Amino acid sequence: KQEVTQIPAALSVPEGENLVLNCSFTDSAIYNLQWFRQDPGKGLTSLLLIQSSQREQTSGRLNASLDKSSGRSTLYIAASQPGDSATYLCAVGGSNYKLTFGKGTLLTVNP
Amino acid sequence: DGGITQSPKYLFRKEGQNVTLSCEQNLNHDAMYWYRQDPGQGLRLIYYSQIVNDFQKGDIAEGYSVSREKKESFPLTVTSAQKNPTAFYLCASSETGERNEQFFGPGTRLTVL
Numbered sequence: 001k002q003e004v005t006q007i008p009a010a011l012s013v014p015e016g017e018n019l020v021l022n023c024s025f026t027d028s029a030i031y032n033l034q035w036f037r038q039d040p041g042k043g044l045t046s047l048l049l050i051q052s053s054q055r056e057q058t059s060g061r062l063n064a065s066l067d068k069s070s071g072r073s074t075l076y077i078a079a080s081q082p083g084d085s086a087t088y089l090c091a092v093g094g095s096n097y098k099l100t101f102g103k104g105t106l107l108t109v110n111p
Numbered sequence: 112d113g114g115i116t117q118s119p120k121y122l123f124r125k126e127g128q129n130v131t132l133s134c135e136q137n138l139n140h141d142a143m144y145w146y147r148q149d150p151g152q153g154l155r156l157i158y159y160s161q162i163v164n165d166f167q168k169g170d171i172a173e174g175y176s177v178s179r180e181k182k183e184s185f186p187l188t189v190t191s192a193q194k195n196p197t198a199f200y201l202c203a204s205s206e207t208g209e210r211n212e213q214f215f216g217p218g219t220r221l222t223v224l
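Residue numbers (this note's numbering), protein chains in the order written: chain A, 1 to 111; chain B, 112 to 224.
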């Protein structure tokens, strides 16, 4: 059974800092990996989707990498802003389109 | 405006009642999903459907039921058999091809009184 772990559970940084969020998974036979953002009381917003054949994806200040063999993904946020404060969720996709989620990293960016 | 809508935003249920949560999408996606989110836990899959008139149980289907009569709609019924239904419920949809990126609705918060 696929298990997804996100470290750290919470992170607080000053504005402008570059930061890395980590995601690890136990079964490397994945179809894709998706990073989401969730604001309090809201739904999830898709940030980046990495197919299993890809190594990384970039969108603006965000860069996500995938290393299937080691069961790891990282989300890099450059020049963090207070508006980046949210919970970031990593989810691993199986061949039947089902996603397995981690518990998330709560990010606070202080002005 | 393309997207996923869920209603109601807040729902209160008395013990012993069945309630139905609505999920509609206009993204022309074949697949739709229902998740449950509890504090301190990751999202857990309740049911999913990859095509009209077909659906499969997820990891925590007991006490829930769904239907998929139309491509754009995937309602979830929380029955009285669900022992701990208070949670945040999220609906999602995706294509079923290679790029099956999931998109989520705004959620429904269900509280049992």
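Each hint should be verified, as a subset may be incorrect.
[What the hints assert, rightly or not] Label pairs and their in silico Cβ distance ranges: (1) B/119 - A/60: 45 to 53 Å; (2) A/19 - B/119: 30 to 38 Å; (3) B/114 - A/59: 30 to 38 Å; (4) A/9 - B/170: 41 to 49 Å; (5) B/207 - A/55: 22 to 30 Å; (6) A/22 - B/128: 41 to 49 Å; (7) B/209 - A/60: 34 to 42 Å; (8) A/52 - B/164: 24 to 32 Å.
[To be verified] In silico SDA-like links for lysine to any residue, alpha-carbon gap of 25 Å or less: (9) A/68 - B/150; (10) B/120 - A/94; (11) A/98 - B/116; (12) A/1 - B/120; (13) A/98 - B/209; (14) B/194 - B/162; (15) A/98 - B/125; (16) A/98 - B/206; (17) A/103 - B/214; (18) A/103 - B/162; (19) A/103 - B/148; (20) A/103 - B/212; (21) A/103 - B/178; (22) B/120 - A/19; (23) A/42 - B/206; (24) B/120 - A/83; (25) A/103 - B/129; (26) B/168 - A/83; (27) A/98 - B/126; (28) A/42 - B/165; (29) A/42 - B/164; (30) A/1 - B/139; (31) B/120 - A/47; (32) A/1 - B/116; (33) A/1 - B/224; (34) A/1 - B/167; (35) A/103 - B/139.
Source of the hints: derived by calculation from the structure; they are not laboratory data.
Please read these numbers as outputs of a predicted model, since none were measured by experiment.
Think of the CB as a built atom: it goes at the ideal place given N, C-alpha and C, for glycine as much as any other residue.
(message) So, against the hints stated earlier in the document, which numbers end up violated here?
(response) 1, 3, 4, 7, 9, 10, 12, 14, 15, 18, 21, 22, 25, 26, 27, 28, 29, 30, 32, 33 and 35
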